[in-house]
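Chains as they are written, first to last, in the working numbering: chain A, 2 to 380; chain B, 39 to 435.
Keep in mind that a hint or two might mislead.
Residues from chain A that face chain B, not an exhaustive set, calculated with beta carbons under 10 Å [claimed, not checked]:
#1 Asn258
#2 Leu260
#3 Ala261
#4 Asn262
#5 Leu301
#6 Phe303
#7 Leu359
Please keep in mind that the hints were generated in silico from the structure rather than gathered at the bench.
Note that the structure is predicted; figures quoted are calculated from it, not measured.
Glycine included, each C-beta is placed from N, C-alpha and C at the ideal position.
Below are the chains, spelled out letter by letter.
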Amino acid sequence: MKRECKRIISRKLYIFCLLIIPLFCLFFFLSLMNEGLPTEIPTAVVDADNSALSRRLSRQLDAFKQTDIVLHAKDFSEARKLMQKGEIYGIYYIPEGFEHDVLSFRQPKVSFYTNNSYIVAGSMLFRDMKTLSVLGSAAVGRELRLAKGETMEQAMIDLQPIVIDSHPLGNPQVNYAIYLCNVLLPGLLSVIIVMLTVYILGSEVKEQRSREVLSMAGNDIFTLLTGKLMPYTLSFMLMATFYDVVLYRFMGFPCNNGLANMLLISYLFVWASQALGILLYSLAPIMSISLSFAAFITMLSFSISGFTFPVGEMPRWLQIAANFFPLRHYFVLYANNGLNGYSFQYAWPSYVALLIFLFLPILMSFRLRQVYLNSVYKA
Amino acid sequence: MIQRFLKQIKAGLSDLLVVWRDEFSLVIHDNAILMLFFVAPLLYPVIYSLIYNNEVAREAKMVVVDYCNSPETREFRRMCDATPDVNVVGVCANMEEAKEALRNREAFGIMVFPRDFSNALAHKKHAYVELYSDMSSLLYYKCFLLTATEVSLEMNKEIQVRDMSGATAREEEVSTTPIEYEDVAFFNPKSGFASFLIPGFLMLLIQQTLIIGICALSGSLCDKKKYQTLAPLLRSRRGSFRIIFGKALCYMMFYGLMSVYLLWVIPTVFNLPRMGDAWNIIAFMLPYLAACIFFGMTISIFIKEKETAYILIAFTSLIFLFISGLSWPGCAVPWYWKSISYLFPSTFGLQGFVKINSMGASLPDLRTECIGLMVQICVYFVFATLVVRHRIQREEV
């Protein structure tokens, strides 16, 4: 272990992986999403009518927080070109004779177009433009009813007798930072942990010192693993603590079962990631191959863990496969404990799964021992 | 004069071919590099497409707590259940039971009708429907919210018409919806996840496997101290150009083939958007590949060992994805990250390809992206020659 500490200090790579990369990722994603939701998404209004009513409509659209009208175009093709260039994400079209048609009850039709190649921006604009259209319609209806002598309150109730009162549990502002960062960041930490673990084990073989190290550990592979990996375990646990403190104390993201509980989950996840690293290297003791697998598995885990696209919507066999990725269980536990504040009993299988990951290296330890004894480096 | 020039070209070409041949044999004799250049690009997109193949969440599971239990609430429930997005899986007697279903992940949302729902409607007051949603999946939340809103609009209209006895059908229609509207999703009409993510992901995959591969190759030359085998070439003034071009040609060849598979076969098999004109795509891919290759050669200065290439580059994939303005809209990326993003080929590559492939743009529409890539090619080419020169000279000392 002492020897390993010296190795850590001796190489820039370790400092990079233990400190700089995790801190950079934390800073990057938190600063990227510090608004929580994308605001001021550029939009165009094509106002073929250019009347008082149509101008009022477009001013109202501009007043939405997420919408920023950057172009008032006269004809549609100009706006469409800009959309194709990716400079705007949506177009609101008000037809000619709009005001006239409204006043003479001819039901004019407004149209709105969103660019769903960029799904986040597209769906936000969709929501704003749809709200505007419904409200615009309601506003006219209100005027009609007021004219018929109804009171303001009565008119509103007549127009919208049923109201939807929505409660997004745990994330009332539908904040994207909460939705993404809480899984992305631990996931990235795990990418580094898995790969570094493979590298730590492999580099001894590469430098032809594996036999020497094994005898230092009294020929016991478990002593060797503990001694070699302990400094990294501690260091990554420290980093995970820092992550959790920043996310749940400093940023105030939801953590309904308390910080201690979240830390426990994070530590389990750190250990499971290290175990996965050991497992991968034991299975494929050629370092560059096991690193390829590590990259493949850890990058895939972001998609398959289901925090962006729900696991329930994937094909059956992928739903089963998802259980083999530690990040999946971390996500389930975070959602259960941090986001929703449910108790232990609702997510115990995921605790067990993470613990099973910890035992996997034991099964493979004889193989790792063999690898260390043979000590053949293949590029 | 001309003869000397021709001779130089001939020498240049033959050196180039030697470098090309050596690099080629390095690649095909290295299992790890073969995995990166072939196995990863072959398998990865297939798995990704399968994950996202359903495109959208359908039949999100919801439970209902109906304290009112009147014809109106039952109709509301039925209408929700009839939509493709929501599936009412059960009716709970009280809120506690419904929350239990959420905790057990048997449902992801709860719809609550308060006791006075029908009463309020009859007395012409606002009647509220409460909607609770588990936020661990935003897609389900969207399903619930859109469906509930849609159904409420529909029912509101019916109620208004019912209350307007004596009016003509036309009058009813006009007064309930004085302004009609229609929404059109340009490009990606299903608002599908695969159509949105996969095209960008494919471009990112090209860049990432390419730069990891280049760095790993360069790292393993460093490991074995074999960079000096190239030293004789460096004697002549244009030597480093020849080395760079020779290697680049080799990678270009592999990735030219892979691009056909990634950008043509995969979208065809998985029914992803493919609006782009093939010539436009080819014309755009060439500079993109070149920029990636020279970028890879440039950053190989930081990689002195084959294995560290994986560790130091793999994690950047997500950062490149978010900084490129695809998954997180470009207008919401802070200016400092935006300016940094222009250093990476993937930023222009993703944007450009999505525009061609998903939005049917042609090259003249992509001026920014093309100019960006050209500048990157020039700058990174110069850096790449310096890197090669530096590596060789250091080993000779």
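Evaluated hints:
1. Asn258: Where the cut-off is 10 Å and the nearest Cβ of chain B is about 13 Å from A:Asn258, the hint is violated.
2. Leu260: 19 Å, violated
3. Ala261: 21 Å, violated
4. Asn262: 16 Å, violated
5. Leu301: Since chain B brings a Cβ to about 7 Å from A:Leu301, closer than 10 Å, the hint holds.
6. Phe303: 7 Å, holds
7. Leu359: 23 Å, violated
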